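Undergrad: Protein sequences appear in the order of chains C and B.
Once you know that position 42 of the first sequence is 87 in my numbering, the rest is easy, because the numbers rise by one and skip nothing.
Once you know that position 150 of the second sequence is 195 in my numbering, the rest is easy, because the numbers rise by one and skip nothing.
Simulated from the structure, these hints should not be mistaken for lab results.
The structure displayed is predicted, hence computed values, not measured ones.
One should not assume that every hint holds.
[Said to hold, decoys possible] Think about it this way: if two alpha-carbon atoms lie no more than 16 Å apart in a straight line, the pair counts; the simulated EDC-like pairs of lysine to aspartate or glutamate are: (1) 257/B <-> 244/B; (2) 130/C <-> 228/B; (3) 262/C <-> 285/C; (4) 325/C <-> 285/C; (5) 123/B <-> 120/C; (6) 109/B <-> 98/C; (7) 130/B <-> 128/C; (8) 257/C <-> 285/C; (9) 262/C <-> 232/C; (10) 130/B <-> 200/B; (11) 300/B <-> 327/B; (12) 109/C <-> 99/B; (13) 123/B <-> 117/C; (14) 249/C <-> 228/C; (15) 130/C <-> 127/B; (16) 249/C <-> 238/C; (17) 123/C <-> 232/B; (18) 130/C <-> 125/B; (19) 257/C <-> 128/B; (20) 109/B <-> 104/C; (21) 97/C <-> 128/B; (22) 109/C <-> 98/B; (23) 123/B <-> 121/C; (24) 249/B <-> 127/C; (25) 257/B <-> 125/C; (26) 257/B <-> 232/B; (27) 257/C <-> 125/B; (28) 130/B <-> 228/C; (29) 257/B <-> 233/B; (30) 123/C <-> 128/B; (31) 123/B <-> 128/C; (32) 300/C <-> 266/C; (33) 262/B <-> 215/B; (34) 123/C <-> 119/B; (35) 281/B <-> 317/B; (36) 109/C <-> 99/C; (37) 257/C <-> 238/C; (38) 109/C <-> 104/B.
2 protein chains.
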Amino acid sequence: MISVRGKEAKRFGELSLAQQMQRLCARQDHLLEEGESETDSVTETMRCISCKEEYVTSDAGTCKECYEEASETEEELKREIEDLKAKVNFLRFWSPTDHRHDLSGRSHGPGFTDVVLVAAEDGLFGGPSMPVPAHKAILANRSPVFKAMLENEMEESRSGTIKISDVSYDALRAFVNYFYSAEACVDEQMACELLVLAEKYQVKHLKAYCEKFLVSKLNWDNSIINYAFAHQHNAKLLLEASLSLIMDNMDKLRKRQEYAELVEKHPSLVVEILEACLAKQENTAAPKDASAKS
Amino acid sequence: MISVRGKEAKRFGELSLAQQMQRLCARQDHLLEEGESETDSVTETMRCISCKEEYVTSDAGTCKECYEEASETEEELKREIEDLKAKVNFLRFWSPTDHRHDLSGRSHGPGFTDVVLVAAEDGLFGGPSMPVPAHKAILANRSPVFKAMLENEMEESRSGTIKISDVSYDALRAFVNYFYSAEACVDEQMACELLVLAEKYQVKHLKAYCEKFLVSKLNWDNSIINYAFAHQHNAKLLLEASLSLIMDNMDKLRKRQEYAELVEKHPSLVVEILEACLAKQENTAAPKDASAKS
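I would like the entire structure built from these sequences, with the hints used as guidance.
TA: Okay, structure coming up:
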């Protein structure tokens, strides 16, 4: 059965078999060439509206409408950020620690402070520490512990002096500053000191701030010490991040000096680490076993 | 010349002419069919990664890489917003106006307020207005006018009472609340009252807040009154928005009662409106003239 189409079939009938062959072959060559050029169009490209580069189907992102919607969303988010930043700037204070005070801590002129905090380091550095002036209203607003202390006419409220134990002057100053600015310039040592204060006085925002900072500084060298610290001060985010890092390097763990110290001083922590590792091993092993059986 | 390719040429040599014809025709049909389906691929579509719909070249948005970058940016912006919102919540206060006070305004127990503000409405509603308690530190931090007043041991600082003239108790309370929360629940009347206070006591953030609100409520009916109000209180954003609305409807302006009143009471404002309209007409007319000449 020879299959040809429409008018062509008529014309073919008038030609010799050889002529027909010749024509068919020429046609076939043409079709093959066309086919090749059309095959190129399968890998047709479109131009990216953002980077202006051509892309192929497998690299397709979004249609124009979705791109425009996403751009609008981005603009809206940026405007919201500007509004929020302006709000933060409005609500932020100059801190009274930026004013000059005499040793009594009472401000002369500006500040209107009505309380001072004193770092009681048990004479760690010798001599009395400089008092840090503040406002009862601010302390009570940021910390439920200070609130209870100041509103209930305790010794601190009557005397106008709050003693804070086991803290350096610098950390206390940074602690009070944070109440006014929601910001702190910290290194790892300071972040740890502030986290302890934030935990003790229930300043959640500062605690989260310190935890985030410490997580950003996590590495294999400080993972065990951070894990122990996080455990001691109920810092969940830091605890999870350091445990995860430890578990990824369990094979190296037992060779470390800190591990031996941890086993001796806080065996319960080591138990927790090992239990977490076992649980992880069981979880990752389970699918393998299942596939091995099937 | 019969043109066939590679191995096919060999095989063709072994077939009768009729068989060759038959094969060539079958092959040609196949190529034609392929060609047809490939012709469709010229108007090829790609699938949008966001809405999952197919799109054609003219509706192309972004490539995958740019889409993924944009998604990451959006996630980052959202995280920044969450951080800023947490910061605002931390810096925000419970306002002392939420506590109960006696008529002296001094709080009993909580609040630690050290100053009261009193709406001196010149007996507009008769009787003394309730005092609004506050903290000198907050007032001085949010307003340079209060700062100068309180730090310079003026009458207000000594007495601990600040009289605010020409304001309702509700507006004064909302004004003080804003110092603590950076938020206000306003209607147009309240926004105007707060804008006047914000202008007088140089609370820029509140002034911008009120202007934005009034601009959102602008319409042809209130455009003239808002324009006059914005002019009086140096509210640039509101001034521009209301002037723009007035200029878009100049033909209707002169028929309005407010226009006649404005001409009589504030002719200089009307001069400004008319001058702005003239300038706009000249600007829009210029390109037309230019094209008419060319």
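Undergrad: Evaluate each hint against the coordinates.
TA: Cross-check of the supplied hints:
1. 257/B <-> 244/B: 14 Å, holds
2. 130/C <-> 228/B: 14 Å, holds
3. 262/C <-> 285/C: Holds, at about 14 Å.
4. 325/C <-> 285/C: Between residue 325/C and residue 285/C the Cα gap is close to 13 Å, so the pair holds against 16 Å.
5. 123/B <-> 120/C: 12 Å, holds
6. 109/B <-> 98/C: Answer holds: residue 109/B to residue 98/C is near 11 Å, not above 16 Å.
7. 130/B <-> 128/C: 10 Å, holds
8. 257/C <-> 285/C: Distance of about 12 Å is within 16 Å: holds.
9. 262/C <-> 232/C: Holds, at roughly 10 Å.
10. 130/B <-> 200/B: 39 Å, violated
11. 300/B <-> 327/B: 24 Å, violated
12. 109/C <-> 99/B: Cα-Cα ~11 Å, so holds.
13. 123/B <-> 117/C: Judged against 16 Å, a Cα distance of about 14 Å means the pair holds.
14. 249/C <-> 228/C: 13 Å, holds
15. 130/C <-> 127/B: 12 Å, holds
16. 249/C <-> 238/C: 15 Å, holds
17. 123/C <-> 232/B: 27 Å, violated
18. 130/C <-> 125/B: Answer holds: residue 130/C to residue 125/B is near 10 Å, not above 16 Å.
19. 257/C <-> 128/B: The given pair, whose Cα atoms are some 12 Å apart, holds under the 16 Å limit.
20. 109/B <-> 104/C: With Cα atoms ~5 Å apart, residue 109/B and residue 104/C stay inside 16 Å; holds.
21. 97/C <-> 128/B: It is violated: about 34 Å lies between the C-alpha atoms, which goes past 16 Å.
22. 109/C <-> 98/B: 11 Å, holds
23. 123/B <-> 121/C: 11 Å, holds
24. 249/B <-> 127/C: Given pair residue 249/B, residue 127/C holds - Cα atoms ~15 Å apart, limit 16 Å.
25. 257/B <-> 125/C: 14 Å, holds
26. 257/B <-> 232/B: Cα-Cα ~12 Å, so holds.
27. 257/C <-> 125/B: Holds, because 14 Å separates the two Cα atoms, which is no more than 16 Å.
28. 130/B <-> 228/C: With a Cα-Cα distance of about 14 Å, the restraint between residue 130/B and residue 228/C holds, given a limit of 16 Å.
29. 257/B <-> 233/B: 11 Å, holds
30. 123/C <-> 128/B: 14 Å, holds
31. 123/B <-> 128/C: 14 Å, holds
32. 300/C <-> 266/C: 12 Å, holds
33. 262/B <-> 215/B: 21 Å, violated
34. 123/C <-> 119/B: With a Cα-Cα distance of about 10 Å, the restraint between residue 123/C and residue 119/B holds, given a limit of 16 Å.
35. 281/B <-> 317/B: Holds. Residue 281/B to residue 317/B sits at ~14 Å (cutoff 16 Å).
36. 109/C <-> 99/C: 15 Å, holds
37. 257/C <-> 238/C: 14 Å, holds
38. 109/C <-> 104/B: 5 Å, holds
When the structure is compared with the earlier hints, violations turn up for hints 10, 11, 17, 21, 33 and for no others.
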